[in-house]
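Now for the letters of each chain:
Number of protein chains: 4
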Amino acid sequence: MAIEQAGRFRESTKRSKTEAAIKAAARRVLARDGYHNAKISDIAEEAGKAIGSFYQYFRNKEELLLALAEEFRIAVQDNIGAPSGIELDPFDNLRGVVRAFWRAYREHGAVAVAVFQAAMVNESFADMWRQIRAQGIRIASLRIRLAQRRGYCQGVDPEVASSVLCSMVEFSCYNWVVANGDLELLNRNIDDSELVETLTKMVVGAIRWREDAGH
Amino acid sequence: MAIEQAGRFRESTKRSKTEAAIKAAARRVLARDGYHNAKISDIAEEAGKAIGSFYQYFRNKEELLLALAEEFRIAVQDNIGAPSGIELDPFDNLRGVVRAFWRAYREHGAVAVAVFQAAMVNESFADMWRQIRAQGIRIASLRIRLAQRRGYCQGVDPEVASSVLCSMVEFSCYNWVVANGDLELLNRNIDDSELVETLTKMVVGAIRWREDAGH
Amino acid sequence: MAIEQAGRFRESTKRSKTEAAIKAAARRVLARDGYHNAKISDIAEEAGKAIGSFYQYFRNKEELLLALAEEFRIAVQDNIGAPSGIELDPFDNLRGVVRAFWRAYREHGAVAVAVFQAAMVNESFADMWRQIRAQGIRIASLRIRLAQRRGYCQGVDPEVASSVLCSMVEFSCYNWVVANGDLELLNRNIDDSELVETLTKMVVGAIRWREDAGH
Amino acid sequence: MAIEQAGRFRESTKRSKTEAAIKAAARRVLARDGYHNAKISDIAEEAGKAIGSFYQYFRNKEELLLALAEEFRIAVQDNIGAPSGIELDPFDNLRGVVRAFWRAYREHGAVAVAVFQAAMVNESFADMWRQIRAQGIRIASLRIRLAQRRGYCQGVDPEVASSVLCSMVEFSCYNWVVANGDLELLNRNIDDSELVETLTKMVVGAIRWREDAGH
DNA sequence: CATGAATGAGACTTCATTCAT
DNA sequence: AATGAATGAAGTCTCATTCAT
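Chains as they are written, first to last, in the UniProt record's numbering: chain A, 1 to 215; chain B, 1 to 215; chain C, 1 to 215; chain D, 1 to 215.
One thing to keep in mind: the hints can contain errors.
Identical copies look the same in the list; a pair holds intra-copy or inter-copy alike.
Once the Cα atoms are required to be at most 30 Å apart in a straight line, the calculated DSSO-like pairs of lysine-lysine come out as [what the hints assert, rightly or not]: (1) 39 with 49; (2) 17 with 61; (3) 17 with 49.
Worth flagging that the hints you see were computed from the coordinates, not collected in a lab. If you're wondering where the values come from, they're calculated on a predicted model, not measured in any experiment.
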């Protein structure tokens with residue numbers, strides 16, 4: 001029985017090893033070629049496996065991306081979710097969220113972009129994309145309401161403002177993290193921390209204003 | 001000679017008529033199907049022309065998009081660039097830019113998105129995309145420098161801040177204008193003017209802050 | 001205008017020529033390899049066309065067979081339908097039907113068999129097959145009712161008897177016409193007319209009996 | 001030695017158990033999906049065995065079907081062949097044969113159909129099919145000769161007539177037994193015994209006629 | 001013997017592009 | 001210039017078969 005268990009264990013290890021190899025290869029190919037240019041055969045080759053092996057684990061490219069996206073979603077949640085003490089100052093809290101998002105993007109950016117690309121062409125990914133965004137918008141809108149109770153950013157709809165906030169963070173990360181974003185443009189060496197710092201300040205600024213503040 | 005000129009005129013008119021028909025059809029198909037799903041044959045059919053006619057005017061889909069993008073760039077410039085009196089208050093000025101961008105996006109959104117999609121897959125479009133962004137970043141960074149001279153948003157790099165600003169505007173527009181952005185999410189009837197209003201307030205807020213402002 | 005018409009005529013001629021070439025090639029390949037072994041590429045090659053040309057005319061193998069089957073159905077109708085004077089002696093009439101069916105099978109056998117093969121695997125062809133059979137059963141059952149009114153084959157259901165009759169004719173034709181049926185078995189030179197003659201006699205015999213006839 | 005024998009016995013029992021499970025599963029899958037759609041993996045799964053186990057007992061799908069077909073042939077022989085008292089009236093005798101065939105078909109129809117399907121595509125199965133038919137034709141031709149000696153069905157070749165007879169029986173059984181034959185068509189509840197009864201009457205009628213019988 | 005992951009040949013299908021009319 | 005049939009490269013996916021455990 002010990003042998004049988006060992007056998008099973010070894011087998012399932014082999015199975016998950018191959019799957020992991022394919023996923024890892026997929027992330028690399030996705031990062032390199034983008035979702036639309038990523039061919040199954042390239043992914044298999046990158047993984048050092050036969051094409052058929054891909055289909056042992058995923059029905060097609062969509063299902064693969066679905067699996068990767070799930071991992072991304074979990075990563076974001078793990079980074080953001082847990083310590084988001086609502087008891088904190090809403091601005092400090094937002095700073096934490098931005099940093100967490102940036103970190104997740106740094107690691108899983110290729111997948112996030114791939115989902116985004118797929119969403120442009122495929123309705124089920126468009127849905128997933130909206131879900132992910134909705135999650136972010138909900139989180140941010142809570143902070144905005146808190147800020148409003150303290151007298152800030154009066155007269156704007158919290159969800160709309162939250163949508164803007166998310167766009168700001170997401171797309172900044174996209175343009176900085178993903179292939180040759182604006183950094184090349186800026187032609188200067190600006191390190192991660194400065195980017196996040198500035199982004200955070202502006203996120204906070206975008207909701208920490210009062211109508212009556214003089215110019 | 002008069003006849004010849006008339007002939008040429010008629011010819012070029014006819015030529016540009018077919019070309020215009022194809023471009024118009026392309027815009028519709030792009031809006032409907034996205035760049036990657038837009039087939040040459042679909043565009044030709046939508047234009048009521050034969051496939052061969054497409055190749056009479058464009059070498060391939062890229063060239064077509066290049067032409068459309070050029071029109072988009074001009075439209076944005078016409079709306080924003082020229083008369084943007086730098087003499088104005090930088091915040092009022094930014095408000096104008098945001099509104100202009102929104103208007104351009106409303107009209108040419110499909111093309112903008114198509115260029116964006118193409119940029120994810122094709123290096124030459126990625127370059128074009130960066131150019132377009134650079135244009136926007138340069139414009140915004142001027143306003144930020146002005147604001148900084150008045151004591152606002154000290155301690156941030158104007159180009160980085162400008163990059164964030166552009167991301168905020170572009171991606172908000174993207175998510176609102178393009179197919180079922182966040183609006184569906186919000187599940188509420190929010191009209192254009194409120195969206196732009198909020199976006200503008202936040203854009204301004206994002207740079208109109210002082211470190212010493214108490215909570 | 002004459003030129004335009006000529007052009008159109010020439011073009012449409014070209015179009016239908018290619019389609020006809022593919023259909024003819026398909027019939028040959030179907031006869032040679034059977035439905036399941038017939039590859040699109042083989043058909044295209046046999047027609048001297050590129051694979052892509054096949055798809056210009058048929059969405060897939062099913063649609064091709066559908067078209068061929070329609071021609072078969074029409075051929076059978078043309079051979080049988082028209083002169084089936086119900087005023088004739090029912091037995092003479094049946095003889096004519098058998099001969100007509102045999103002739104149709106001789107010419108379109110490969111298609112008939114292909115439909116039959118496809119019907120074993122594909123529900124929509126199974127339906128078509130049942131339709132074709134139903135047509136035959138209806139025709140035969142009329143003759144059987146006539147025969148019954150004259151006192152023959154009492155006590156059997158006309159539709160069931162008709163089903164048997166059709167099976168007899170169809171499957172005899174199948175086994176004789178299609179690749180090396182029973183003829184090889186018989187190892188003798190038996191010509192068409194004797195086969196049809198015997199088949200006809202037995203078809204007639206199968207319904208021209210009376211219960212009271214002594215052994 | 002006793003132990004060794006016991007071991008062998010147990011082994012061979014186990015062996016045949018797995019083999020039997022696969023065969024039984026194959027019959028079910030064949031009935032459900034047809035020969036061409038029946039995948040090895042489906043059969044293995046249906047048997048609750050691993051794919052590899054299939055190859056322990058059969059070299060491929062053909063060999064499996066060969067084995068099943070052999071069982072079918074034996075079943076038909078057992079039902080018909082052996083004790084078919086030639087001393088009986090040839091018509092009574094034919095009735096018995098028809099009933100026997102119908103019974104065999106009812107039980108092993110799926111295999112018979114599978115062999116038939118395979119014969120359409122595969123020369124070695126075509127051979128087997130002809131052998132099986134030849135067997136039936138030989139049996140029936142004997143009865144026909146007997147009938148001819150008594151003055152019936154003069155002027156027809158006994159083998160050809162026998163071929164027709166076999167086609168009638170086989171294909172009627174096929175159309176009635178196999179998925180949604182003509183029964184659906186008839187749209188009526190007709191039970192087995194009536195079908196066999198009618199089939200038998202017509203088989204007999206098909207050879208029990210005299211040229212001189214008046215209309 | 002049993003297992004089932006790995007393999008890759010082979011079939012299908014799409015679509016950008018060409019070219020003869 | 002306009003047309004659209006013809007083309008075939010390239011990608012997707014299936015499934016019989018092998019082989020290491």
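So, going through the hints one by one against the coordinates:
Within a single copy, residue 39 and residue 49 get their C-alpha atoms as close as 14 Å, and across copies as close as 24 Å, so both meet the 30 Å cut-off. With identical chains, the CA atoms of residue 17 and residue 61 are at most 30 Å apart within one copy only, with a shortest distance of 19 Å there and 32 Å across copies. When the C-alpha separation of residue 17 and residue 49 is checked against a cutoff of 30 Å, the pair qualifies both within a copy, at 11 Å, and between copies, at 24 Å.
Consistency note: the structure conflicts with none of the earlier hints.
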